[in-house]
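S.K.: As a plain string of letters, each chain reads:
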Amino acid sequence: MNVIKKLKEALEKSEHWTEIRYHHRQQTSIEIKNGEVSKVEDSTLAGVGVRCLVNGCWGFAATADMSEEALAKAVREAASAARVGSTLRKKKIEKIAEGEMAQGEYIYADEGDDVQLKEKIDRFLNAEELIRNKEDIISGIVNYSKYNDKKIILNTEGTQAEVKDIKHDIGVVAVGNNGTSQEVGSVSAGVTGGWNDLFAEKSMMEMVEEAVNIARTKLEAEYAQGGEYTVILDPMLVGVLAHEAIGHTVEADFVMSGSIVQDKIGEKVASEKVTMIDDGNVEKTAGMTLVDDEGTVAQKTTIIEDGILNEYLHNRESAAEFAVKPKGNARAFTYRDEPLIRMTNTYIEEGDSSFEEMVSEIDNGYYLKGLGQGGQADANAEFMFGVQEAYKIEDGQITDPVKGITISGQAFNVLNSVDAVGDDLRFALGRGYCGKGQLAKVDAGGPHLRCKVTIGGKQEGDVQ
Amino acid sequence: MDEIKFANNIVSKAKEMDIDDVEVFYNSSKNLDVVWEKGDLQIPKTDLYQGFGIRVFKDGSTGFSSSNILNEEEAEKVLKRAIEIAEVTPSDESNVLPKKDEIDYVEDIVDERNDDIKLVNAVEKGKEFVESFLNYDKRVKLDSANFSTRLSKRAIVNSKGIEAVEEKTVFESMAMAFAREGENVSSFDLSFQTACKLSELNLKEEAEELAEKVVNSLDAESVESFEGSVILSPFSVLSVLASPLNFAVNGENVINGISPWTDKIGEEVAIPELSVIDDAHIAGGVGSRSFDREGVSSERLDIIKDGKLTNFLHNSYTAHKMDSESTGHAGGGAQSKPGVSPSNFIIDGGDKNLEEIIKDTDKGILVNRFSGNADPVSGDFSGVVKGGKYIENGEIVKSVKGVMIAGNVYKLLKNISAMTKKKQFIHNFRLPHVRFEDVSITGE
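First to last, the sequence lines map onto chains A and B.
Going by the working numbering, the first residue of the first sequence is number 1, and it counts up by one from there.
Going by the working numbering, the first residue of the second sequence is number 465, and it counts up by one from there.
Just so you know, the hints here were simulated from the structure itself, not pulled from any lab data.
Note that the coordinates shown come from a computational prediction; the quantities given were computed from them, not determined experimentally.
Among these hints, one or two may not hold up.
Stated by the list, open to error - Distance ranges between label pairs, derived from CB positions: (1) A:Asn-213 with B:Glu-557: 33 to 39 Å; (2) B:Glu-647 with A:Gly-227: 22 to 28 Å; (3) A:Lys-268 with B:Ala-747: 56 to 62 Å; (4) A:Glu-283 with B:Tyr-569: 53 to 59 Å; (5) A:Glu-283 with B:Glu-737: 55 to 61 Å; (6) B:Asp-580 with A:Lys-268: 51 to 57 Å; (7) B:Asp-568 with A:Gln-116: 44 to 50 Å; (8) A:Glu-357 with B:Lys-827: 42 to 48 Å; (9) A:Gly-35 with B:Lys-563: 23 to 29 Å; (10) B:Tyr-569 with A:Asp-110: 49 to 55 Å; (11) A:Glu-357 with B:Gly-858: 52 to 58 Å; (12) B:Lys-541 with A:His-16: 35 to 41 Å; (13) A:Leu-439 with B:Gly-858: 43 to 49 Å.
To be verified - Using 27 Å as the maximum straight-line C-alpha spacing, the simulated BS3-like pairs for lysine-lysine come out as follows: (14) A:Lys-284 with A:Lys-164; (15) B:Lys-865 with A:Lys-452; (16) B:Lys-605 with A:Lys-91; (17) B:Lys-564 with B:Lys-479.
By construction, the Cβ of each residue, glycine as well, lies at the ideal position given by its N, Cα and C atoms.
Just chain B, with the same shape it has in the complex (with noise of 0.2 Å):
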């Protein structure tokens, strides 16, 4: 289907009506999705969503309505109750819409062999995934395994004038497992892999490296409690520092005052190395984007530079109630109404490979997954150690178990040690591993 042009219409009978403004937003994604779990195959799926979102603005207020269901009548039948919120909704004069923009096509994000890949291409992928896994060692064991392809569209059209639309591509590898040997049952730990390009995919590898870290955790100690360091696997620095972070940047959290930097704009942050940048135009990147979800074209942004709090995530409303302008963060899909979302994530500045940071470690522990909780309001973070190691005078004594940490990421930030030059691409996230110091480690 022409999305355009069904959007068009709909702009174009929405201005016949009694309203100021209108967008309409619409998203397609075509999945094939393989799991495996019980080391066995389950259900090979396919599924094709396409969907729309009607906003208007009348008087001051804004109402928002959504269907997947793609019939005029429907549309109309949407149109009319985005209409109706509108009318019982306050008024705020931070209801906008952005205006025509440049854009600036990111490139690479779409396989061109994509149309090629068919569910059993899917199921194929994954079968080699999964057996180079269990192949390893036969005491590991696959909790689940997941192979999925997405091609997804959005198209977006607004009575300002903006009109875009935009494929991607996105191929995912995931597999959570443990080892297992008599009644001896590792914590489990899990893998990722993304990319816009299959090719960049490398399953075997990434299912050896998982299965080699749950047979190493199987013959886990305790240790006594300590303070010391703690160096955060990409996973871990996902959950205790990336989501934090993303969390105290996103506009909607600044306006709305539960962000712990509401006013540190230009302050000093974390440690003067540390960097941290949302980046739209990666060519190839998972979370790119050549506009965001109001047709706002979508840069590079810095959001810490050299350890200092430089800007925050906005869409067209957070970004009025703070007299400043859309960086291009609107996110969402066609259910709901724009929200802010970054789009490659990434946090840099390190200059270190994993081994050298270890071997400059006195007395510490490598987190290779963190299960627990980090409240991002205050920045607290507390909870169990998997897969960890002890690491002593500069080398891993043991794997060890019932391990717990805690802190505060706000704080921890001015006391990164170290920082690994080579990132993890989760989602759309790409971190390193960082080495806090002065953590309490809660042993036995």
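In isolation and in its complexed conformation, chain A is listed as follows (with noise of 0.2 Å):
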């Protein structure tokens, strides 16, 4: 039977506000180390999850089963988890907002220029051993998955969606080893679209020489010196930070919490030169969500617009508190998860400033790339992050190269320390991943960023 016909019936049957989620994925995932495929796998995760609103409370109960009596009985089971839930819950769910609804089919899902898994493991083994045959190198890792989901959202006010996406995404790993010490350079991207569309920007090869030569260039680099400098932080940092350190604070559900933005819609909370944004929209980039978990139809939002606080990111409960509109960050990663209020593409956007400019007027900093091992932020937007790549500049140029180095520091401060904005706007989380008790497929960027961070790098004495 027609999988919209049986959710259509266990949602007539419900006497509450209901939400049927039909989520069908399938995944591949290949895994190519040292000459050897470490893994190829094929799986598919199917269901529904079911979300009921009762006495102002949320229920959800998730199922695999997709027949009749145990659709019925998810549906019973979250309206009664919402039931028992709503005799504790002190603040009552009032009402709920609404955005845009999706209406009918949301496809951006051509597999035309797909290629067989055969061909896909060659080229992977192809690249690893590329990586492997280089001098000073030890090890190579490629990893790829692809995502094809498949979602039906029903609510009782009659929203009716369908949406389908292919999203794939690749990392090139390089572990280097001189004998005395050894690094790591990592290089990836991802993508919502085909399989050409992965190597846009970056071929196999081009990731490749970079994973390379960010290890090899580690391995000869010294360690910095800590202290506070201004900096030029590359594309992939600026998403870090714009998504890890700020992006957090700003979702609706950590600002209702006390994060360090509540109560500052209005207020300049960055340099003036700053303007963040989160938008499902974005083109071809990882974080393209089409349609929400809840069935809205993804929006701009405007984070901080000129370095003042403008927007938060919503649900369509936390959209009904403010009294605003959501905009399409309600997600859920597999029919077994509940919608959250997640980030989608989140970025800085562009300036005037090129690059060359920006380094020409350093006398003693650094240029850092890419994300390191590890990076965390809380509520009050402290992080600290592991940089992979950096480099000193030293009288308005790029020199030596240095390892180790973490940037901290609170990220408003370090936005409002921004005094030049790249015009090179660049989408950079390649195969990333937000965690936040479930996963999201995001992208982040921005242009080249110079600001002031606080450098933890070696001290003397270190124990070596």
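Assemble the dimeric complex from its two separately framed chains, guided by the hints.
M.R.: Here is the structure:
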């Protein structure tokens, strides 16, 4: 029987506000390590997530069983979970806001240029071999994933949307070792779209070269001196800062639990050169979200406009609370997950400084590229990120590479210190996933930014 | 449903096809999750997942495919897809299936009362937890809290005669919190408890400890840079020490050459007092399992004994690569082919309590939570100390902020000066407080 018909029947039996979301995901993963195919997997994960709103409280139940009885049971379970919850929830949900609700089909899933599994395996094996054959490189890894997602979202308000998209991502890693130290170089890409889109910015060979160069450069690099410096952040680090350190603090659920930007709408939070956006509509990006998992059509959110905090990110519940319209930030990773407020593509808008200009005006600073190991930020926007690749800037020139750098600070202070915004916007999170209890495919980026951060490097007397 | 029968059916079908061997792994999990955010109950959730994964072996190649749609037609489709993948994947002589093994079942990993625990009980447990926290002090703010129950079942059948099934229950409580007094916001801190039996969780105690910790870190001050002792809490031991160790001894990382300890078996890697053990057979252990993802019986394994590296964790594939035997550490669920994962991972050897260690510290920092990165390949770690305490002459002098620590974990293993006997259970890790010497501490 037709899936939509089954879902509709289950929905019709519900006595409460109910949303039914069917999600069928086929995921293909390939991993090549050291000349061997360490993983080729194909998995299907399909099922239905049901959310009910009863007496001002949500309830959620998920099932993979698509029988009429199982669907009816899931609806009942979600309703009873909500009913139980409502007896304890202090603050009742009085209403949920309505943005532009999706109706009909939303498809971004052209597979015309996809290649056979065997060809993918062969190309990745070839790439990994190239990495490993380079001098001072002892190990290579290529990781690839493809998500083929089909969703049907229905609710008792009459929303009925079918959403299909395909996402690919790839990561290329080179592990260098010169006998005295070991360093990793990593490059990745992620898109919503076709196979060729994945290599639109960098070809497979360019990724290989870059990963190898990063690892080798770090092998030769010295440790940096800690302290506060004027730096240039590359689009990936700008993206990480925008997403991880700023973006999470403007998610309305974090705002309501007391994040640093609570009650700060309309206040200056960054240099007037900074405008920060979240937008699920940016084509081809990994965070592209045509319709969110509450059925809201994606729209652009201007989080910071010319340095002034302008909007938070919402789901339908929080949007009602703040008397605004939701713009498509309620996302769930699989059918088993309830929609949460998530980012999509988060970025800083481009400015008008050229990269050369920005470098030429720094006497003593660093050019920092890419996220290294780890990164973390708190609701007070304090962050700490590992930096993958770093170079000194001395007297307006990029000079020696340095390694082992972490940057830390308070993200809004960093944005306040921005004195030049590059003219080279790029989405650069690559194989980026955001974790907030559940995963989400996201992207983030921006142009090169010049700002001040605290660099944690090595000190004299460090244990070697 | 009868998982063994379902799996046996697939194995029988596969045997009629042109393949050498087959393995069917099934797992299910029934979860209840209750989440608090903004100090209020969020969405109570129930979820039943059931799925299976098929691994086929053909001419030295393997193919893996999985699905959570449980019917015969889908099973056939998944089997065919696995065979197709095997056919386009290069062969590798280490693609082997383990033989039938005697299984010694672990005790006390199922809470017999689990069937009686309904969502309403879970919600009430969560309420007890959250209210104990919020009632402690009006400055405490809850970022999130979570109480969850999980009943999981794993079953495995392979064409070499392995057939096994096991259930386990796991209860967890977690909270992430901070304190706020006007513009003064403390750093985030977290608490965590886990057990196979609900009666073993003490939610009130956990909540009050967390509240006390965040309130105490409100008026944090900065310190000047110095080199001294660092006492890591079990949470920070997890990120700085246990995670890199777990990485270094994981057979997959060893065969891939990214473990820094690839050729260090038998060598001294830590102080002689330190032992690291993986023990799958602890009665009531949340990481316990009677057999691994390949049906191999999981035993207690010495990883580091008296400071010397003794064993890596292996599944059949990684073991074969090193001319060794599986240690029963094939990990993962039905949605992917076996990886390598620890069971109960224990850092052992300490004989002190935390008070003694503090008293015995001249100048140092107690790190409650570490927010930073620890690169398991090089061992370099660097990050911000959260909820830190400055210690001078054996006493906690003040709470500190803006402090960063950096070092190399593999080198610091030989610079451990004390460990507590008492360990905290964090997921499947059992970790003590650990004090290192000569760490660079960057203040303001």
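S.K.: Which earlier hints turn out false for this structure, listed by number in ascending order?
M.R.: none
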